[in-house]
Amino acid sequence: MRKWSHGITVGIGLGIALAGACKDDEGTGEVPEDDAPARVAAAVCDAWVACMCEDFDMFANRFDSEGDCRTEIAEDLQDDIDSGNDAGLTYQGACIGLWIDALDALDCSTLVELVLDQGLVAAAEDIQQCKLFYGDAGPGDPCTDVQGSNGDSCERDLACDQGTCAIVDSGRAEGENCEGDGQGDCATGLLCFDVDGDDQRTCTALPEAGATCLGVADLCDLDTFCDQADKTCRPLPAAGSACAPFASIVGATCAVGSLCIDDACELAPGPGESCTTACELGSSCNDGTCAKDPPLVCQQYGGND
1056 MRKWSHGITV GIGLGIALAG ACKDDEGTGE VPEDDAPARV AAAVCDAWVA
1106 CMCEDFDMFA NRFDSEGDCR TEIAEDLQDD IDSGNDAGLT YQGACIGLWI
1156 DALDALDCST LVELVLDQGL VAAAEDIQQC KLFYGDAGPG DPCTDVQGSN
1206 GDSCERDLAC DQGTCAIVDS GRAEGENCEG DGQGDCATGL LCFDVDGDDQ
1256 RTCTALPEAG ATCLGVADLC DLDTFCDQAD KTCRPLPAAG SACAPFASIV
1306 GATCAVGSLC IDDACELAPG PGESCTTACE LGSSCNDGTC AKDPPLVCQQ
1356 YGGND
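Here the sequence shown is numbered in the numbering used here, starting from 1056 and rising by one per residue.
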């Protein structure tokens, strides 16, 4: 059993950054192989321009122009497609549709903004597990990863693990023993905790607002705290309210984007304002001043050739 390790190649560098492929409509769907390079390049470069990636110093010289962006991204993906075809694998156009939809859903969000949306986090695996090319080798059969194609010779729902086709492991289920911090080796949406104080960690779904606090540590979801009066998870207070009497699991006593100052939640400073530790959502405190975080689309395609 294993988890997918196929990294989307440079032209499609999505991963969890583009976790928002779930849309209210049916989405893009299948994209024909001949159309894929141009469609993906347009989606990437339109997002690059819309999110003003060139305004961030680290990306200022990434592309000479929007036309250069489209040419480079299209060529990268065409190379991947050529590699898959040369290996005799089957193209999966639905993956291209997922990636385009993900770019649309991502908009100009930063990593922190996406991670706080558990629905988007859960959608990440659908994207990460969609390999662009697949073969016909079954479970236990020998296989090869095809360099540059985001694919392997295994069937569509299998992955090539050290030369053998294996079932993809989506992680341990709720209630199963686990190892590691945070999510650890649990499935998406679960966290690895010692709930009962018996030194045994299990995969756990944290209770949401309105639910009873969980275990000896009074666990609640990330944006809630455990009200000790009735052991119920309550939303962290927003700006203008008193700070929560008990911290959330991440140590916060106010909602994201607010700080607890003199027992009251206040809006965190924004870009250009002075700061000591934290800034509003989507910004970070750098050398005493809040600076806007670059959108993820900028970071995904920010490397230079």
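Errors might be hidden in some of the hints.
[As the list claims (entries may be wrong)] Mimicking DMTMM-like on lysine to aspartate or glutamate, the simulated pairs with C-alpha atoms at most 20 Å apart in a straight line are:
#, residue 1, residue 2
1, Lys-1347, Glu-1085
2, Lys-1347, Asp-1318
3, Lys-1286, Glu-1263
4, Lys-1347, Asp-1090
5, Lys-1347, Glu-1335
[Said to hold, decoys possible] Distance windows between CB atoms, simulated:
#, residue 1, residue 2, range
6, Ala-1297, Asp-1251, 30 to 38 Å
7, Asp-1224, Glu-1088, 26 to 34 Å
8, Ala-1272, Glu-1130, 33 to 41 Å
9, Asp-1110, Gln-1255, 31 to 39 Å
10, Glu-1328, Met-1113, 18 to 26 Å
In short, the hints are calculated from the structure, not lab data.
Note that beta-carbon positions come from the ideal geometry of N, C-alpha and C, so glycine has one too.
So, going through the hints one by one against the coordinates:
For a cut-off of 20 Å, the pair hint linking Lys-1347 to Glu-1085 is broken: about 36 Å separates their Cα positions. Distance hint between Lys-1347 and Asp-1318 is unfulfilled; the C-alpha atoms sit about 27 Å from each other, more than 20 Å. Taken as a hint, the Lys-1286 and Glu-1263 pair is honoured in the structure, with Cα atoms around 12 Å apart against an allowance of 20 Å. Among the hinted pairs, Lys-1347 with Asp-1090 is inconsistent with the structure: their alpha-carbon atoms are about 35 Å apart, more than 20 Å.
For the given pair, Lys-1347 sits about 9 Å from Glu-1335 by alpha-carbon distance, which is consistent with the 20 Å threshold. Checked against the hint of 30 to 38 Å, the pair Ala-1297 and Asp-1251 passes, with Cβ atoms roughly 32 Å apart. Asp-1224 and Glu-1088 have their C-beta atoms about 30 Å apart, which keeps the hinted 26 to 34 Å range intact. With their beta carbons about 52 Å apart, Ala-1272 and Glu-1130 fall outside the hinted range of 33 to 41 Å.
A beta carbon spacing of about 49 Å between Asp-1110 and Gln-1255 contradicts the range 31 to 39 Å that was offered as a hint. Between Glu-1328 and Met-1113 the CB atoms are about 22 Å apart, so this pair conforms to the stated range of 18 to 26 Å.
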